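Colleague: So the chains spell out like this:
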Amino acid sequence: MTTMNHAPHTTLAVAARATGLSKVYGQGETQVVALDNVSVDFGRGRFTAIMGPSGSGKSTLMHCVAGLDTFSSGSVRIGDTELGSLKDKQLTQLRRDKIGFIFQAFNLLPTLTALENITLPMDIAGRKPDKQWLDTVIEMVGLSGRLGHRPTQLSGGQQQRVAVARALASRPEIIFGDEPTGNLDSRSGAEVLGFLRNSVRELGQTVVMVTHDPVAASYADRVVFLADGRIVDEMLAPTADGVLDRMKAFDAKGRTS
Amino acid sequence: MFRTALRNVLAHKARLLMTVLAVMLGVAFVSGTFVFTDTVGKAMSDQSRKSFDGVAVSVTHLGPGRAEDGTKEEGEPGISQQTLDKVAKLPGVASASGRVSGFAGVADPSGKLIGSGWMNQGANFAPVQDGKDPRYAFTAGSGPAKAEEIALDRASAKAGRYSVGDKVRVATNGPVKEYTLSGVFTTEDGAVNAGGSLVLFDAKVAQELYLAPGYYSELAVAAKPGTDAAKLLADVTPVVGKDAKAETGTALAERNAKSIEQGMSGMKTGLLAFGFIALFVSIFLIYNTFSMLVAQRTKELALLRAVGATRSQVRRSVLTESLLVGLLSSVLGLGLGVLLAMGLRSGMDSFGAKIPAGPLVVSTTAVVTALLVGLVVTVLAAWLPARRTSKIPPVAAMGSAHLPQTAKSLVLLNSFGGVLAGLGAALILWGSAKGGETGRWIIGGGAFFTLIGVAVLIPMLSRPLIAVVRPLLTRVFGTAGNLAARNAVRNPRRTGVTAGMLTIGLTLVTGLTVLGVTVGKAVDRSTTDQIRADYMLTMASGGDLDPSVLTALEKTPGVTAVSAQQSAYFKGKDDVFHSASGVNPAAIEKLVNLKVVSGSVASLAQGQVAVADKTAKKAGLSVGSTIDAAFDGGGKKTLTVGAVFEESELVSPYVLDAKLVPVAAGEKPQIRQVFVKLSGGESAANEKKVIDALGDNPAIKIDDKQDIRNEMGGIINTMLNLMYGLLGMALVISVLGVVNTLAMSVFERTQEIGMLRAVGLDRGRVKNMIRLEAVVISLFGAVLGVGLGTFLAWALGRTFKNSIPNYELVVPYDRIGVFLLLAAVVGVLAAMWPARSAAKLNMLTAIKTE
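Residue numbers (our numbering), protein chains in the order written: chain L, 1 to 257; chain U, 1 to 850.
Please keep in mind that the hints were generated in silico from the structure rather than gathered at the bench.
Heads up, a few of these hints could be off.
Said to hold, decoys possible - Quick look at which bits of chain L chain U covers, simulated, 3 or more residues with Cβ under 8 Å:
id, stretch
1, 87-93
2, 119-128
3, 229-235
Quick caveat, the model's predicted, so the values are computed rather than measured.
Virtual Cβ for every residue (Gly too), placed ideally from N, Cα, C.
Make the full structure from the sequences, and use the hints.
Modeller: What follows is the structure, encoded as C-alpha cells:
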C-alpha cells in the first residue's frame, strides 16, 4: 500500500515508548486494572491509531504516555525523557514544549480569537511562534480567512481545525489526539483526519490518536488494538473494512469467552 | 414543585453557601442591633427605676425665674430648708431629703483627673433619721460629717488608691481644695456605674458649692407604708410652690426610662442603616447566584416545561428555592445576631464602658424584622433570575441551546441605567448648587439614583475599562494576565454586579473620607491660622471656669497676655438672641488673630463691638452702625460697631469687652475658655507655670495649639473610624461576592482550565490567572466607587461652603491609594479558595466535563 511506501524511516526512531506500563485504580477487591503491563513504541514520523472497545484502556494508555495521567508501574519515555521521575511542574513544561493535544470537545478558549488559540501554548511558554511555520500550518488547515474569529463564530469542523493547528504550531515532538473526530460530522471528520495524515506525510509530524471509529483508524499508518488493558493485536496499513473485521472478531471472542 | 425546589437547594449546597453567608451576616447585623440596643436600654432603664426605689415623690426646683427684660426675678434660688421641713412633717411622709449636685473632679495622687471628664459629679450627703443615706452603701468608713470631709465612690477611690483618712484633692468649679476621705461607698447611680466619679460633700459645703446656703435643687420624699403616692403628690405640690415641680417617683422613673429608650432608638436607627446597606449589597450577590443557577439549569427547567410544567410553575420553583434559602439564612442570622449582641455587651464591659447587668432582650419586633428582612432581600434578589426562567422554551431541553440576552433588552437596560445615572448626577449638581439642608437632601436622592444607574451600567462600562489594563496585565503577567483580563469581562453582567458591591461600599467610604478630611483640614487651617495664644484652658467637665483663674494667671510672672472668652447673649431689635464673646480688649489681639476687614480691634477698648463679616452683612451692619442690645444677664446697652472681622472658629460673631457683659447678681460669669500667652511660647516649663498658677487643678484642661487642632480634628477622625467599622460589614459581603463569582467561574470553566493545564499552563499560573481576575474585578469596582464617592463629597462639600470658613476640597490621595490597595488585597484574598480549587482540578476529568 501507499502508506508503506511513504514510511521508510519508521523503524529508525521512536518518538514515545511505553515499557511494562500498568495502571491500577483502587485497592483490594475493588481493584481495577486499566493497563496491564503494556509495552508499545510509537514511531517518529508515523500516524498511529489506538483502538479498542470502551473500557479497553485505550484512553488511559494515551493519557499516561502523554503525561496527563500518572501510572502505577513501568516506564514511559517521550524522546529521551523518562516521565515517571518528573514532578508536576516538569510534566507541565514537557507537555507545553514537546507535546501537542487535540481533544474530542475542541477545547478552545472562547475569549481568544482563532489565531490566539493557535499560538496559546507558545504564549504560555513565552516563545515567539515561527512565522513561516505558522503560515504553513494555517494554510494547510485552511483557516487563513478566519483567524480573527472567535470560537463561537466557527463551525465544529472549523473549531477542530483550529485545535489541529494549535497542536501543530509549536512543532511538538508528538501530537496526541483523543477521539478528535468524535464530535464532528463525517465530512468535517474526514477533513481533520486528512490534515493529520498530511502533517505526518508532508511535515514529518508524529501523531498518536485514540479512536473507536474504523474509518478514522484507516487514516493511520498503524493500528494498535487494546482489550482489557492489554495490547492484543496490531495492523499496519489499515483499511476501514479490515479494522472493522478485526474489531468484530474481538467482540465475538469477548462474547464467547 | 416544592419538592423540586427543596431538592435543588440541597443539591446546590456549595454554590448557595456564599448567598447564605451574605444574608446571614446582614440579618445578624440587623438583629444584633435590635437585641443589643433593647438589652442595654432595658438594663439602663431598669437601673434608673431602681435609683427611684423608695422615692414616693420627687420635687425638682425649676431654677430662679427670669423677668422679661432678662433681669433676675424675685424668688428663691432653690428649695429652702423650711420647705423641706414642711414637707417632712406632712402626714404620710416617712422622710424627705434634699439634694444638690454639680461638677466635682477628683485628682489622683499625680494630679490627673479620675474618670471621664463629663461624668464627674459631686453631691450632698443627705442622711435621714438613722444617720444613713439610703442611696449609698458604705464599704468603708462613713459619710462626711464635717466640712473638710468627703466620701468617694469605690471605683474612684480604687483608681486613686485612696483609703479612709487620706487627703484627696477635689476640684469643683472654683479652686481646688483638699479634703479628708471619710468613707467609700457603692451606689446604683447610672453615671457612676458608667465609669464616672461621685464625691459626697457635707450638705452645707455642697449647697455653697452648687447653689446657695440653705437651699436644695431636689427633694426626695419617702412615704410611710400604705401611703398612696398620688395622694402624697397632691399634698406636697402646694407646699413646694410654683417654682418647683413635684412628680411621683414612678412617673419620674418612667420619664427617665423613656428618655433612655429614646436615646437608644437613635443609636438603633443609626446602626440599622448600616445593616441595611450590608443587606442591599447582599442583593447583588444573591442575584448573581440565582442567575447562575438558572443558567446552568436551563436544560433541566426546559425539560420541566417540556413535560408540562407551566411558566409560572417553573418560575415559582425558583422563587420557592430562594424562599427556602432566605429562611434558612435569616434563622441562622438571627442566632448569630443574638450572639453578636451578647459578645458586644461583654466586649464593652471589658473596655470599661460599664453597662448595668440585665436579662437579654430578644423582642418580637427584632425576630420578625430580622426574618422578614432576610426573606424579602433574598426573594427580591432572585426575582429577576426567576422571571428569566419563564422565557426558556421547552425545546431548549433538546439541545445545549444557550439563551443569550437579546440585544434589544440590553439596549433598553443600558438606556435605563444611563437615564437613571444622568438624572442622579443632575440632581447632585442641582443640590450642590442650591446648598444648605435642602441641597443635601437633593444630593442624597441623586446619589441613590446614580448608584442604581451605575449598577445597571457597570456591565457596559466593564469592557472598555478592563480592556485598558489588559496590555499592562499581559506585559507583567504574560498569558495568565491576558486570560485573566479577558475572563473578567466574559460575563459582563456578573462582573458588573460583583464589582458593583464594592462600588457601593467604596462610594460611601470615599465620600465620607473626602468630606471628613476636607472639613478637618478647613477647621485645622482656621485654628492654626487664628490662634496666637500658647494655651487654651477649659473645664474638663465642659462647664465654666472660675474668674479666679484669670486673676491667678494675670499675677503669674512671664504671662504676657490673658483673656477670657466669656459667653454673652443679647437680644437685638430683631428679637432674636445673638451670641457674643466677652474678651480682654488689651490682650485679645495677641491671643486671637482677628482678621480685620474694616475698623480696628483697638475700638473694643472704647466699649465698641466687633462683628464677623458674614453676620455684619446679614444684619446690614458696618463700622459706625449701632446695635440696641438687651443682655441675657440684665441691662440694655447701645453698642457701636468698631470693627468688622473675618468670621472665625474661635470666637462668636460679636466680640466685645468682657467688662461690658452684665452678670446677674449671685451668678458667675460664663467663662468658656481662657487664652494665655507667655514669654518664650509653648514649653514644658511654661505649661508647668500655668498648671501651678491654677493650683494644680485636675478639672482644668490645658491645651496647646496641637491639642486644639487634635481636638477639632479628633472628633472627625473618630467619626470616620466608626463609619469605616460599620461599613466594614458591607465590604465583607462584597468579598463574599467576589469569592462567589470566582467560584462560579472556576466551576463553569473547569474544562477550559483542564485544557490550559494540558497544553502547558502550570498550577502556579492557573492560580495567578484566577487571582488576577479577582483583582481586576475588585479594582474595577473600587475605582468606580472612589470616583463616585469623590464626586459626591465634592457636591456635598459645596453645600457646606458657606458655613465653614476657609473651605477647600481636599482629596486625600494617600487614603484613596490605601483603599485601592485594600481592594486589590480583597481580590487576592477572595481568590484564595477558588484559585486553589482551580489549580487542584484533575486535568483529565476537567477536560471531559461538559
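Colleague: A separate judgement is required for each hint: does it hold in the structure or not?
Modeller: Hints, verified against the model:
no.: 1; hint: 87-93; verdict: holds (count 4)
no.: 2; hint: 119-128; verdict: holds (count 6)
no.: 3; hint: 229-235; verdict: violated (count 0)
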